[in-house]
Amino acid sequence: MSWEDFESTQRWMQRLSARRKGAKSTKDLFLYYLSEFCKFTKKNPDELITQRRENQKSDDEVVQRRIEEQVEAFSIYVRKNLGRVKGEDAAPNTVSTAVAAVRSFFRYNYKPLVEVAVPSPYPVRQNKIPQPEELRALVESCKDKLLKAWILCQGTSGISNIDLLKLEFRSKWCHSVDFGFIGEQLKKGIEPLHIHIVREKTAASGLGWYDTFIGTHGCEALNEFVDFSRSRLFNVSNRSIETKIRDLGIAAEIATPEAPIRPYSLRKYFETRLQFAKVTETFIDYMMGHSLGKVKGAYAVPAPVELRQFYVEHYRFLNPFQKTPKTLGSGLIKGKIINRC
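In my numbering, the protein residues as written are -16 to 324.
The hints are simulated quantities; they were obtained by calculation from the structure and are not laboratory data.
Hints may be right or wrong, so weigh each one.
[Unchecked claim] Restricting the straight-line Cα-Cα distance to at most 20 Å, the calculated cross-link-like pairs of lysine to any residue (SDA-like) are: (1) Lys227 <-> Ile237; (2) Lys149 <-> Phe89; (3) Lys128 <-> Ala235; (4) Lys26 <-> Phe89; (5) Lys155 <-> Lys25; (6) Lys261 <-> Glu52; (7) Lys10 <-> Arg(-6); (8) Lys149 <-> Tyr247; (9) Lys170 <-> Arg153; (10) Lys149 <-> Phe164; (11) Lys171 <-> Asn206; (12) Lys261 <-> Ile237; (13) Lys155 <-> Arg213; (14) Lys94 <-> Arg36; (15) Lys251 <-> Phe266; (16) Lys94 <-> Lys7; (17) Lys155 <-> Ala286; (18) Lys63 <-> Phe23; (19) Lys170 <-> Glu203; (20) Lys251 <-> Lys126; (21) Lys26 <-> Lys94; (22) Lys94 <-> Ile267; (23) Lys10 <-> Asn92; (24) Lys227 <-> Gln109; (25) Lys94 <-> Asp268; (26) Lys126 <-> Glu225; (27) Lys251 <-> Glu117.
[Said to hold, decoys possible] FRET-style restraints, in silico, Cβ to Cβ: (28) Gln39 <-> Trp156: 51 to 59 Å; (29) Glu(-10) <-> Phe208: 47 to 55 Å; (30) Asp127 <-> Asp11: 50 to 58 Å; (31) Gln109 <-> Val45: 33 to 41 Å; (32) Ser220 <-> Glu123: 43 to 51 Å; (33) Glu(-10) <-> Arg213: 51 to 59 Å; (34) Asp(-12) <-> Gly166: 56 to 64 Å; (35) Ser214 <-> Asp161: 16 to 24 Å.
Ideal Cβ positions, reconstructed from N, Cα and C, are used throughout, including at glycine.
Let the hints inform the model, and build the full structure from the sequences given.
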């Protein structure tokens, strides 16, 4: 049976062709590296997807990340065994392409990989993605109230730098129809804080907006320094926030200059914690402001009030001050609109 005859491979090639205008040579190369990965793991493509699906059902994060570990081991195998010249290591670009092919296979089969260490042809700085206890240590070591609020807001919302810097207390482009302006929500003590952002970046390819939330700890940190006389929540530059977070991570000894914590790391924290909580990729992408496409965005995402309840239920996975539960609860949070999450 050819590698192309498996259902998962056909789905991969079909979706790859629909989303990318790659040359046939690229697709053939991707198929070649997938076949090598299958030989390396001693599984066919469909069995790999089945393994991924079963691993993700586990409450043990180590089990959930088994495929990632296999891909990292495969990258070493490629470097040692698939070089163009016998006896010499494969070029970094070769290893990167092999890993990219495998990641693409899982992504287009709706089982995306989370974090894989990929060799690069150039010295690349590897960003540190903190664990909950590391994020807690980062916050506890922070004396700057604005910086502390930024870390907790971005880590529990997944908002990008550019959107977080643009947030205003009273602005139509980030006004919540259900809960009011950001300033009004803070004054009323509404938690989690609903952030509805109109975003031109995704308007052409999908929805022109997205919804996310800032959890209890982010709201508390905001209230410690917030100045309602200003228009913006964070009166700071992008460059300044990048530098401050990087330096804080190194000073707290949870990151290094080679693997620093950056605002990007906080967004990845939001993404990986919700993936660990088994939240669907569509919900995560939507709350992070990624493009979903107009049809998918219109029908796959619930109304803000329902999404808020969903966020409240899963906040314990984002909360750096709470031990991550091993099992998910059932049902949605019931009660008043103003709930602590």
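- Item | Violated constraints from the hint list, given by number and in increasing order | Of the numbered hints given earlier, those the structure breaks are 2, 5, 12, 16, 20, 28, 31, 32, listed in rising order.
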